[in-house]
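From first to last, the protein sequence lines are chains A and B. Per my numbering, the first sequence runs over residues 238 to 616. Per my numbering, the second sequence runs over residues 443 to 699.
Treat the hints with caution; some may be incorrect.
[Stated by the list, open to error] For each label pair, taking beta carbons as the anchor points, the in silico distance ranges come out as: (1) A:G392 with B:L500: 35 to 45 angstroms; (2) A:G392 with B:V688: 30 to 40 angstroms; (3) B:L545 with A:K382: 49 to 59 angstroms; (4) B:S454 with A:T375: 54 to 64 angstroms; (5) B:T592 with A:L324: 34 to 44 angstroms.
Hints were generated in silico from the structure; no laboratory data involved. Glycine residues also receive a C-beta, built at the ideal position from the N, C-alpha and C atoms.
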Amino acid sequence: MATSSTPPFLASDQSLSPTPSTIDVRGIVRRHGAVLAVDQVSFQVRRGEFFSLLGPSGAGKTSVLRMLAGFEDPDEGDLLIDGRSMLGVPPNRRPVNLVFQSYALFPHLTVFDNVAFGLKMRRVASTLIEAQVRQALTMVKLFGKEARRPAQLSGGEQQRVALARALVNKPAVVLLDEPLAALDQQLRQAMQVELKSIQQQAGLTCVCVTHHQEEAMMMSDRIAVMHQGRMWQVGSPREVYERPCNLFVSRFLGVSNELPGRIGAPIGEDRLFQPIDADQPPLTVRTLTSEQAGRPATLSLRPEQLRMARERPATSGPVLSGRIEKVLFAGSDTKYLVRVGPERVWETRMTSDASLPSFAAGDPVFLHWSLPDGRLFFE
Amino acid sequence: MRRGWAGLSVVSILVMVFLYGPILVLVLYSFNAAHLSMAWRGTTLKWYAALLHDDALLAATANSLLIALVSTFGAMCLGGLLALGMEQMPHRRQRMIEGGLVLPLVIPEVMMGVALMLFFVMLKLPLGILTVMLGHIVFNVPLVTIMIRTRLRKLDPALREAAADLGADSWQVFRYVTLPLLRPAIWGAVLVAFTVSLDDFLVTFFTAGPGATTLPLKVYSMIKSGVTPEINALSALLLLISMACVALSLHVQRREV
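Just chain A, with the same shape it has in the complex (with noise of 0.2 angstroms):
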């Protein structure tokens, strides 16, 4: 086949894909022992990108990261980085460099020698390991601290080494693994917003595993939201967030009210939902006019979605009644947990605005929402 005719073949192959991905992850299935850690995972990270594997833990997104890092091999499906496949190719020659959760700063180095490491093992000439190092350590804010040793610096600074060490090999893509986990909540936050613009800055294509996900939301352009093994949702964070695929997604992108009900009759363009708990009236939906009636679905809602009146608001929308089970002051929020349902409780939230009516503990209220908000999930 590797004749002259070949090349307009190749042509036309690469016409289809202009924008070839960084990575493009085929597929991979990843087992240990009996247990199907990865299963059947497939994406495409785009160059520049920042895209977050989100799951709780136990979720596989930490295999998929060795993976990606050369670590551990799939047991099926192909992985490409930069067009190429990294099957069989040790960690040592892949175009990607790991930041680890704890950081596997080399304890016996420098500062300097730490983030020189990679340069050196690709026997880089010294003066441009020099100038490569300092440019390093001015990006993460460590400029002057090159003659330290790991133990003597602070979790943050660590964290800006092990960044440091990773960024200065120029890698086609950074792995994040955790990157932030072990940072107090402060550091944690200042660090999202740094390490985001540093991305940004130097055009880093990065893929970050995480369990936060606020974080994952902050940082990334797109996530994924993997769930015993398996890849759930792919999207903005918006997306996943605002129009979660499933249940699970919707819980673990952020507070999901639910309540549990059927599917009742049309009214107009809607459709009736009727409740499960006896003491609450239909309420309607918007889903498909063809759905089945009785088909068991739930509803959800973001706890921002909802509306709270002490009288039943003059609206045709949908209306819950409840009353006020705890106020729980957080600074500039104030959260309100409203109890729906015999074992149903909701959460919503308010600005602490003093102009703003004020609710307390037992006060009957009413939850209200525009209809396009309410999303069903059938089981």
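Given chain A's structure and the hints, the job is docking chain B onto it.
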């Protein structure tokens, strides 16, 4: 409560006296000017000076040092490689080898000495410096392996992964990450193996032939003709060297993380 503590300190002091009293007496009498007498006739360093002019003693010292050096080196090579190799093995086999390693440490040393002697005779290896060296390697390998392995297992495996991720091949991972991090354990093991070899009597006794007299053997043969202050001086020196080695070993191992 207080009474209990007082009782405990009395016992502790007695134990210390029991442990270190004889050694202290020995060191003390190495400075005694009297010959063949327990009576104190003033302090002198002449027994130490005499050691320096005893040719047989100097030859034994040279033997001891040579044997300690070679057997330490041999044990380090074998034990170090074994410790590194064990890391790659399945857990069951690691545990089996661990059991095998402890065995030479717990069986009576006399048995080990006799067994080694019979083994060398069977191999028609003439007993001499070489057989003593081999014998010392045998009991030092487990020590070295266990010490290096302990350190190796404490290392974060992510460090080696990080090195590989940064482009190091397996040799470079070893050269630039594993080896430097093992250095304290390596020096600690060197000093312990050296000391144990220098001090060993039983295995040496059974595996040494003519011309392979080491310091402990020399002391033993000298004692047959009575305890002289010269022996006291020699023992005090040996004690000093051993203690220095062990103290240094503990120090280098404690220094780094």
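Identify every previously stated hint that the structure contradicts and give their numbers, smallest first. 1
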